[in-house]
Amino acid sequence: MSDIDQWIETLKNGENLKETDVKILCNKAKDILNNEDNVIRVEAPVTICGDIHGQFYDLMELFKVGGDVPETNYLFLGDFVDRGYNSVETFLLLLALKVRYPDQITLIRGNHESRQITQVYGFYDECLRKYSTLNVWKYCTEVFDYLALAAVVNDNIFCVHGGLSPYIKTIDEIRIINRKQEVPHEGVMCDLMWSDPDEIEGWSQSARGAGFVFGADVVKEFNRRNGISLICRAHQLAMEGFKLMFDNSLVTVWSAPNYCYRCGNVASILELDENLKKYYKLFEAAPTDRAQNSKKVIADYFL
Amino acid sequence: MPKIENTTGMTINLIIDELKSDDIRKRIHSVKHLDLIASTIGPERTKNELIPFIQELLDDDDEVLIELVESLSKNFIELVGGQVQVLLPTFETLCRVEDASVREKAANQLKKCFAMLPDQKKVEELSMGIIKRLNDSDYYLAKNAVVILVPAVINQVSQNNQNDLINIILKISQDQIPQVRKFSSMYFQDLVKHFPIVNEAFIQNTLNSFIKDEQDFIRMYIVDALIALSKTAFFQKQQTFVLNMFKQLAEDQSWRVRYYFCDKLADIGDSVGKEGYRKNFQNYHLKFLQDNEPEMKSIAALKIERVSSLMDADDIMNKLIPLLKTIQQDSNSFVRNSLAASVLSLSPIIGKKNTSEQILPIFLTLLKDQDSEVRITLFKKLSLITNVLGVDSLSQSVIPALTELAQDKNWRIRASTIEVLSFFARAIGPEFLSDKVLKLLLDWLGDKVYSVRQTAIQQTAQLIQILGIAWADRNLLTKIWGFQSIQNYLQRLTVLFTISQIASSLNNDYILKTILPLLQQMSKDSVANVRSNVCKTCILLAKEKGGNVVEPLKKVLQSLCDDQDAEVKYQAKSALESL
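Chains W and Y are the protein sequences, given in the same order. Using the working numbering, you'd call the opening residue of the first sequence number 1 and step up by one each time. Using the working numbering, you'd call the opening residue of the second sequence number 1001 and step up by one each time.
It is possible that part of the hints are untrue.
Straight-line C-alpha distance at most 30 Å; calculated DSSO-like pairs for lysine-lysine [what the hints assert, rightly or not]:
hint	chain 1	residue 1	chain 2	residue 2
1	W	130	Y	1074
2	Y	1380	W	12
3	Y	1439	W	277
4	W	278	Y	1524
5	Y	1439	W	281
FYI, nobody ran anything at the bench for these hints, they're computed from the structure. Computed from a predicted model, the values in this text were never measured in an experiment.
Hey, can you work out the whole structure from these sequences and the hints?
And the structure:
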């Protein structure tokens, strides 16, 4: 078995990789991600997944419902880390799968793939607790900088973590950004990771303090101008797993069931077949067994 | 001496330095690697330098101490070259900490050290010293270790010391603080094994004081002590005493004590024998089945499986089974679930006629239970009743229940149901697999959840192994091969997975006639995932079957060597290379 296959096995068992292996894995991932565009062109069929937030055992559940990589193609919309207890295993498994099957899995960046945010919401602490040094956090946050910002499926479905930006009207304008940096506090790259849709007209300030809020008319115009039939995004909790808005021109997909281990929500994945037919598959949190850590640090960053 | 490899990426000196770091995380990291340090510096330096150094660390956070005791429990006896006496002070201090798991581990390590002391004559002196110091400590929780250590050494010390130890335990058993009395109660079962070193009067007095204790968690553990006693000569001399005390516990007003008693019922029965059980305890079990607390009914129902072997068949028929009829309708689903887990175990004991008249109705009622967990639990024990009544008679009544479960919202229930269906199919044969049942199987093969499809494929493969390829082809396979034209690629993959799973049942003619065209067709599929799985299936078939299928399969692989998708190309090429 090659190294990468061994790492995938180890991670699937919920065990940690050696620090030296993490370094090698992250370097390999950077090589692959480096060659990807800011906006990745993905071909259907593909299964789109929303926020995971370190809920590793629920990610296992997701694979049980949607199928394993590489038999099933996946597109993850970011927010792999923070809040859950197993951000390290979650992110490293997805990276390992990306390195092993680069054409079968696509990862794009979420607002939590950031040095600043991970220091507040748990990933930094988890790395320190599991490895006693900061190296793993450093390697991972460097990889974050290489993640693409968006994806388009069959030139028809636009996928991004947060939402749109008032500074751009076309998808092509995203392609010219320099993305290999920490998520900025403002600007197009920031808005794509942070914005939210809402029942308003036009644009408005966001309560999050980053990104904007945009309404149905903005979506309609963006879709028309870019030949898009649907914007698929994540970033906001959807109690029923997914939420369609604006006459089905935008959908929020949320893949972290029982979010923060207490919201009691259902999760979903959006399966697109070769003809872009949509199947929303719902799933619940993995049944708890002794798989959880015996010594859980109860975090105070659950909002 | 075990040589441990340094995979930390740090030098040993750095690890040692960080034992005293201000940063707790670094201290924990170093403590975790104590065995590495010890292994590197060798047993002499470990004894003379490392262990005394560790003594200074013992005033640390619980988090560090938990790791420390873990680390020292690993292989430190070897790492100090067998000279365990140097470890004693460290473990003794660790017996005085707030964290219960650390105390217990440290006390158990002390036990191990005593057993491995190179100079066994020193055991008495050293152990008495440690026990007395811990007992006299201001910190009352240190008595936890005392009750663990006393039973370990009491048979190795002088008469005088034995009396001292017994007095120590006596005082602990009457301590003001309930938690301290609890220590004594919990470990009393270890002490009574040493009867008659611990004499009758002491045992009886202590147990009498425990049973009058107002704390139920102290009364609870008497059960274990009594079970231990019944295996010693004490039981012959004081049978009435033991049996009476058991009865008091069974009638205790705290349900927790009754629960603990009921949980250990099988062990109690084994200790006193069938006659003893029937005379003294059977009625309590029957009473528990009617207790007010659902927890009690639940544990009593669960225990039916084990205590039924202690009862005689008449009592089961006349006294036990009438109670079960009420329980099968209990409002609490956990109670019904416990019943489902154990009721079928009565079938082999009461015989065919009685099972048919008494157990079958209960079975059929639980089969329709509104809680799907109950139904699945029942199915897991199916063979117990089918062995007695025969599979055929049950199969018809089971089908409606299976059909309902097959569509349950919870995918795990759907997956479990497939296994049940497979059980019947294997036992009865093709007649069970009517059109209706086959349709269920096909539905599962097309289920929207991947894991359900996988379970269905595996069970199908098992069925085909038993029923043969000819039957399968007529009734099932043609329909599965039809999946290749389903629009959704995930469903098309089912075809390939199935072929791989049933490979051992296929003969080469069938492969050439039916499978090969399928593979050729699917090698032109528009989706790369399908094509790469064609490669995987080809190589599997070629390797398993060999002979005249290898060449045609190779051709399929060759056609995929120029595929536009990188993964497909890689799969095709490496498959050809391995042939």
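Of the hints stated earlier, which fail here?
none
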